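Line order of the protein sequences matches chains A and B.
Numbered according to numbering that gives the first Met the number 0, the first sequence spans residues 0 to 269.
Numbered according to numbering that gives the first Met the number 0, the second sequence spans residues 0 to 286.
Be aware that a few hints might be false.
[What the hints assert, rightly or not] Just so you have them, the derived chain A footprint on chain B, three or more residues with Cβ under 8 Å:
(1) 91-100
(2) 184-194
(3) 264-272
[Stated by the list, open to error] Beta-carbon label-pair distances, calculated as ranges:
(4) B:P245 / A:E63: 55 to 61 Å
(5) B:T168 / A:G52: 41 to 47 Å
(6) A:D157 / B:R15: 28 to 34 Å
(7) B:T13 / A:R145: 31 to 37 Å
(8) B:T97 / A:R53: 20 to 26 Å
(9) B:T168 / A:P158: 42 to 48 Å
(10) A:E154 / B:T97: 53 to 59 Å
(11) B:F186 / A:G112: 36 to 42 Å
Just so you know, the hints here were simulated from the structure itself, not pulled from any lab data.
Bear in mind the structure is a predicted one, so any value in this text is a computation, not a measurement.
For each residue, glycine too, the CB sits at the ideal point set by N, CA and C.
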Amino acid sequence: MITVEELRVKLGGDEVLKGVSAVFLGKHIVLGPNGSGKTTLFRAITGLVPYRGRIEVDGRPLKEIEGATGVLATNLAEVYYLAPVKALELLHLFSDLAGADPLRALALLEELGVSERLLGKRRFWELSAGTRKAFTTALALASGARNVLLDEPFEQLDPAKKVKLVGELKRYNGVITMNTHETWVLEALPEWEVHLAFEGRLYGPIPAGKLAGAAIVEGKSSGALAVIETRAGCFSLVEGGEGAALTELLTLDRVYELLTSSSLGRGGWK
Amino acid sequence: MTLYLLYKLKGLVTDRSGLFWGVAFTLFWVLMWVYVFTRVEEPLPPRDILEKMLRVSAALAYSYLGGLSMGSVAVGLAISAFASSSAVAFATRFTRLTPAKYLLEDFLAGVAAVVAYALACVAMVVAATYARFRVLALPENPPLLVAYLSLCGVLLYWLSRAVSLAMLTLGKPRLPLLEMVPLILAFLNYATLWVDLAERVYALPLAPLLSLVVSAASGIEPATGGWLVGGWLWEALARGVTPKPPNTLSAPLALATTAAWAAALAVLSLALARRVKGVPLEEFVPS
């Protein structure tokens, strides 16, 4: 279980997280547009950025955690640049350090289309962005950690591999918190809980199945699943409303297009 | 111990940039040293005197060209520590690589890498000298040579650590020159071949150790610098006399100042470590 309370992160003078509070127990999706603070939230939980507020992992304050295997794994790329060796050696290194099963990681990678041979030839940073993402996601899942943070795990995967990864995520026996800006996951993982991320704040949790059928309407709406304030305007997510269906947006980045076009009077949503 | 020690060391000694600057670049200067700068004119001195002269010449090459090689490795150490800061922050929390294990294994790997490159330089000098003169200019006291090279490794490790932490404290690689500090230091030391710093040599990190390396490899007394000026070295050797440097280096003082420098850099590193911000991979493209 991961608990964050009044979490604030400033990067380069800008407040990227503005007092976020949430409990991640079970399977969660942090859904938000690019720049909403999703990855910064994960970096804070993994101890990579300075923060104010409280972060606890399995009931232990983050600042007191040291040498704890099996507690938390992530697919954030920067945590894997531990030694300048071939990617396959890095896989064995992390398996050794995190107590993960390297064969499980390799099997997952094969499923995601990454061969052991390729990993034996290239260093981590020489892999393509998609392969690197598959590599880190497979290692995080193979760790068997009680808590896994997955940053945009579907990025640059083809549709068939996305389906395979969804299957792996469903089967995983532990807490998974995944962030994405893609709305198709709402239909693929309807039983997961969703936290919506906008401009450094979290809204929710809301069951993904409910959000999959929700629509976006301008302004504050009574009985809405969530009312979200942004710099471009306010909107509500309502079940069965007449606005633009959330899943039709494909990516939450488009919310801003809608808000902007609405304010310009071009319509496009209710 | 974890696999970190092994893979960190392997990464450092197989790094392409390190191999270029630490071996290929050094080899060029070794060849220049042996084939261009080492002048042996007719009539040749007696065989035993020639061998002694070549042994001293080779010792100077091990030491000062080896210094450049070690400085290159230290630059690699600084860059890799800089690039892996986020990974280390994560691994020391959520893997069995505790902070204490990390510090120990990273230190051992770093020192071993510096010594490995320095020994590669020794091998290159011995091979080149043999190829030209058919004289095997092996070090006079190999264990002492390795001990001094290890101390060079310790000093350069802490220097590279302080440099990388300074870069991290600044937030981003805003000062690319900073990472080159170990190599700049090695070039400053190289200059002491022609400049006798006398007592001031103790204030220059690495310089006293390089002089001790020459002494361990050749058997002659260590100098405070100026090995190649004034002719004191070659004239004495040509006469079959043990050379006496104008200013002799004190080995205990040299070791004490080296320890002081290493301790100061370690303390600086620990102070900087409190202010460090990790650098994500995307912001850094390794060479």
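Taking the hints in turn, this is what the structure says about them:
no., hint, verdict
1, 91-100, "holds (count 9)"
2, 184-194, "violated (count 0)"
3, 264-272, "violated (count 0)"
4, B:P245 / A:E63: 55 to 61 Å, "holds, 59 Å"
5, B:T168 / A:G52: 41 to 47 Å, "violated, 24 Å"
6, A:D157 / B:R15: 28 to 34 Å, "holds, 32 Å"
7, B:T13 / A:R145: 31 to 37 Å, "holds, 36 Å"
8, B:T97 / A:R53: 20 to 26 Å, "holds, 24 Å"
9, B:T168 / A:P158: 42 to 48 Å, "holds, 45 Å"
10, A:E154 / B:T97: 53 to 59 Å, "violated, 32 Å"
11, B:F186 / A:G112: 36 to 42 Å, "violated, 48 Å"
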